[in-house]
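Student: Below, each chain spelled out in residue letters.
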Amino acid sequence: GDSVTQMEGPVTLSEEAFLTINCTYTATGYPSLFWYVQYPGEGLQLLLKATKADDKGSNKGFEATYRKETTSFHLEKGSVQVSDSAVYFCALSDGNKLVFGAGTILRVKS
Amino acid sequence: ETGVTQTPRHLVMGMTNKKSLKCEQHLGHNAMYWYKQSAKKPLELMFVYSLEERVENNSVPSRFSPECPNSSHLFLHLHTLQPEDSALYLCASSPSRFSGRGYNEQFFGPGTRLTVL
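If you read the protein sequences in the order shown, they are chains R and W.
Read in the numbering used here, the first sequence has 105 at position 105, and its numbers run on one by one without any break.
Convert by adding 110 to the 1-based position in the second sequence; the result is the number in the numbering used here.
Just so you know, these hints were derived from the structure itself, not from any lab.
Some clues are possibly wrong.
What the hints assert, rightly or not - In silico negatives: residues of chain W with every beta carbon more than 10 Å from chain R:
hint, residue
1, G138
2, P152
3, P171
4, H183
5, N214
6, Q216
Stated by the list, open to error - Only pairs whose alpha carbons sit at most 20 Å apart, straight line, appear in this in silico SDA-like list of lysine to any residue:
hint, chain 1, residue 1, chain 2, residue 2
7, W, K150, R, G61
8, W, K129, W, F174
9, R, K97, W, V122
10, W, K150, R, Y25
11, W, K132, W, K150
12, W, K132, W, E154
Stated by the list, open to error - FRET-style restraints, in silico, Cβ to Cβ:
hint, chain 1, residue 1, chain 2, residue 2, range
13, R, T71, W, N127, 41 to 47 Å
14, W, N168, R, S83, 32 to 38 Å
15, W, R223, R, R107, 31 to 37 Å
16, W, V165, R, D55, 37 to 43 Å
17, W, K151, R, T71, 19 to 25 Å
18, W, S172, R, S14, 46 to 52 Å
19, W, V165, R, S83, 36 to 42 Å
20, R, D2, W, K132, 45 to 51 Å
21, R, D55, W, E194, 35 to 41 Å
22, R, T71, W, N168, 23 to 29 Å
23, R, I105, W, E194, 36 to 42 Å
24, R, E69, W, Q192, 43 to 49 Å
25, W, G138, R, D55, 34 to 40 Å
All C-beta atoms, glycine included, are put in the ideal place defined by N, C-alpha and C.
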């Protein structure tokens with residue numbers, strides 16, 4: 001079945017550091033890909049998405065590019081802030097259901 | 111209230127208790143979902159309702175019993191739970207269940223933190 005693998009955390013960075021969280025997937029067909037973020041005490045929020053190969057999703061300074069050849073969708077941000085501290089989930093969808101990775105905790109120190 | 115709300119936010123129960131989790135969406139959506147979020151594990155989809163009809167049940171034990179009386183409300187009735195059922199239970203809704211090749215965005219509530227003693 002479809003699956004998503006993302007790097008284990010926690011990832012701890014200093015403010016203004018560059019962020020990369022790796023995500024790879026296994027799927028039949030051509031899924032859509034997403035990053036969700038979960039801030040402490042809250043539910044998941046959609047951060048960005050890409051629906052076909054080579055699409056780049058972006059939001060709030062975060063970016064991820066749908067790479068079909070490497071089956072990857074790595075999340076990047078050029079300069080993280082303390083307020084970015086959260087759990088980040090990579091996910092895929094065939095249009096019917098979402099399949100999530102295990103989540104990566106990001107901690108940003110001032 | 112806006113978005114997806116869940117009550118209670120925290121629940122502690124014994125293994126012989128019966129309790130219910132409530133979810134309400136104010137978005138006019140037709141599909142609702144229950145997920146279980148355990149530490150260091152991917153989110154597990156438990157149930158899917160579309161237009162108040164259960165369309166998916168992912169091999170969830172019968173001690174979890176969902177109910178969807180209308181498209182805005184979703185309940186999860188709990189009885190004789192086990193300590194390993196302790197987790198964050200998330201409710202979500204989406205405009206519809208099926209979307210072909212497009213994406214059907216799910217909106218999540220804040221969750222109910224359940225502890226089973």
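Student: For every hint, state whether the structure bears it out.
Tutor: Going through the hints against the structure:
no.: 1; hint: G138; in the structure: holds, 18 Å
no.: 2; hint: P152; in the structure: violated, 5 Å
no.: 3; hint: P171; in the structure: holds, 20 Å
no.: 4; hint: H183; in the structure: holds, 17 Å
no.: 5; hint: N214; in the structure: violated, 7 Å
no.: 6; hint: Q216; in the structure: violated, 6 Å
no.: 7; hint: K150(W) x G61(R); in the structure: violated, 27 Å
no.: 8; hint: K129(W) x F174(W); in the structure: holds, 10 Å
no.: 9; hint: K97(R) x V122(W); in the structure: violated, 30 Å
no.: 10; hint: K150(W) x Y25(R); in the structure: holds, 18 Å
no.: 11; hint: K132(W) x K150(W); in the structure: violated, 25 Å
no.: 12; hint: K132(W) x E154(W); in the structure: holds, 18 Å
no.: 13; hint: T71(R) x N127(W): 41 to 47 Å; in the structure: holds, 45 Å
no.: 14; hint: N168(W) x S83(R): 32 to 38 Å; in the structure: holds, 35 Å
no.: 15; hint: R223(W) x R107(R): 31 to 37 Å; in the structure: violated, 21 Å
no.: 16; hint: V165(W) x D55(R): 37 to 43 Å; in the structure: violated, 29 Å
no.: 17; hint: K151(W) x T71(R): 19 to 25 Å; in the structure: holds, 22 Å
no.: 18; hint: S172(W) x S14(R): 46 to 52 Å; in the structure: holds, 49 Å
no.: 19; hint: V165(W) x S83(R): 36 to 42 Å; in the structure: holds, 38 Å
no.: 20; hint: D2(R) x K132(W): 45 to 51 Å; in the structure: violated, 31 Å
no.: 21; hint: D55(R) x E194(W): 35 to 41 Å; in the structure: holds, 39 Å
no.: 22; hint: T71(R) x N168(W): 23 to 29 Å; in the structure: holds, 24 Å
no.: 23; hint: I105(R) x E194(W): 36 to 42 Å; in the structure: violated, 22 Å
no.: 24; hint: E69(R) x Q192(W): 43 to 49 Å; in the structure: holds, 44 Å
no.: 25; hint: G138(W) x D55(R): 34 to 40 Å; in the structure: violated, 28 Å
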